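Going down the list, the sequences are from chains F and R.
Residues in the first sequence are numbered from 1 upward in steps of one, following this note's numbering.
Residues in the second sequence are numbered from 1001 upward in steps of one, following this note's numbering.
Worth flagging that the hints you see were computed from the coordinates, not collected in a lab.
Accuracy of the hints is not assured; some may be wrong.
Here chain F is said to cover these stretches of chain R; the calculated rule only asks that three of the stretch's residues, wherever they fall, bring their Cβ under 8 Å from a Cβ of chain F [as the list claims (entries may be wrong)]:
1. 1025-1035
2. 1040-1047
3. 1085-1096
4. 1185-1195
A quick note: this is a predicted structure, and the numbers were derived from the prediction, not measured.
Glycine included, C-beta positions come from ideal geometry on N, C-alpha and C.
Number of protein chains: 2
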Amino acid sequence: MNTATPWKQLLLHALESNTHVKHSSFFQLATVGANGKPANRTVVFRGFQEETDKIQINTDCRTEKIEDLKYCPFSEICWYFTDSWEQFRINGRIDIIDGSNSDTIKLQQREQSWFASSLKSRLQYMGPDPGIPSITEESSEVFSLDPLAGPVNAFCLLVLDPDQVDYLNLKTNTRLAYRCSRNLNGQKSWTPERINP
Amino acid sequence: MNTATPWKQLLLHALESNTHVKHSSFFQLATVGANGKPANRTVVFRGFQEETDKIQINTDCRTEKIEDLKYCPFSEICWYFTDSWEQFRINGRIDIIDGSNSDTIKLQQREQSWFASSLKSRLQYMGPDPGIPSITEESSEVFSLDPLAGPVNAFCLLVLDPDQVDYLNLKTNTRLAYRCSRNLNGQKSWTPERINP
Chain F
1 MNTATPWKQL
11 LLHALESNTH
21 VKHSSFFQLA
31 TVGANGKPAN
41 RTVVFRGFQE
51 ETDKIQINTD
61 CRTEKIEDLK
71 YCPFSEICWY
81 FTDSWEQFRI
91 NGRIDIIDGS
101 NSDTIKLQQR
111 EQSWFASSLK
121 SRLQYMGPDP
131 GIPSITEESS
141 EVFSLDPLAG
151 PVNAFCLLVL
161 DPDQVDYLNL
171 KTNTRLAYRC
181 SRNLNGQKSW
191 TPERINP
Chain R
1001 MNTATPWKQL
1011 LLHALESNTH
1021 VKHSSFFQLA
1031 TVGANGKPAN
1041 RTVVFRGFQE
1051 ETDKIQINTD
1061 CRTEKIEDLK
1071 YCPFSEICWY
1081 FTDSWEQFRI
1091 NGRIDIIDGS
1101 NSDTIKLQQR
1111 EQSWFASSLK
1121 SRLQYMGPDP
1131 GIPSITEESS
1141 EVFSLDPLAG
1151 PVNAFCLLVL
1161 DPDQVDYLNL
1171 KTNTRLAYRC
1181 SRNLNGQKSW
1191 TPERINP
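Please work from the sequences and hints to get the whole structure.
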């Protein structure tokens, strides 16, 4: 898989060399809203899906990005590594996996991602609706959670299937564009091209 | 101005408290391309325009973001401060100011932004077309630049006029939404609202 996905090797290497930086697993996810305008927010990398090049993100079903992705399933990640001065722009289609999904394998992946999260992360999905006006009384409420309990309704797994990757290294001033093609079996292959920074 | 733009005070404070962090002036700019898909890349904050709340960005006219902005002038900045754990999402319309602009004041602003850039930054606008395949021979070419010479054709000033700002503080777990309204003279006023993180 790694030889077939050359940018994944670069990304894993960047993650490894920035591992001492807490925010190195944070990136910005751009979507398009139903009003046609772009939206952009910081999210956390939750790993590649098994042996694939698909990127996992956890989110709350009640956030605006879900509405955005239902309107337009395409997204671009911008991931800048502040120590190694590398940028990855990863463009692809996002699959929304919530509790109502009919695919058993996808529901298992959602469950795995839930249990892979810290208890503190899981508790966030039990808070009040994100993005709506705060009622001060409510925000002081304390939630408790059984560590063995499965994902709550609000928990949603997003899986981005990359089509295009733009890699920029500001230290070496090199830039590579990776484009994906698929054979008749749907298998991906990636073609790199050196482009001007 | 500052009392009328409460989020600007927060942003200036964040910039000040993250001043030791080289990348604190970097943020991610999301646009929508003519294909309807989002795009996202890291750019550098070049200050507020004079005493306003408008955000300045320098870019190369030959980059894809210019095509995107001609198709859809709206953008969302996502600016995450890695030390203070604060995020600003700034949504607004972008004005593209290149050398062909007919407005003398805007041309002066473009010139000011050119001279405010380092010589090294300015030299980038003399390189080959960004984003197109590299010709290795060309990339070793050395350009020279008269420090007193005005902006080259490829240099473009972008000015984002904010309409909406979403502020999130991960240390205090507070989130504020700022919405802008304009009076008959076009003067902005901002209304903050506390929303659920």
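Hint-by-hint comparison with the structure:
{"no.": "1", "hint": "1025-1035", "in the structure": "holds (count 6)"}
{"no.": "2", "hint": "1040-1047", "in the structure": "holds (count 3)"}
{"no.": "3", "hint": "1085-1096", "in the structure": "holds (count 3)"}
{"no.": "4", "hint": "1185-1195", "in the structure": "holds (count 3)"}
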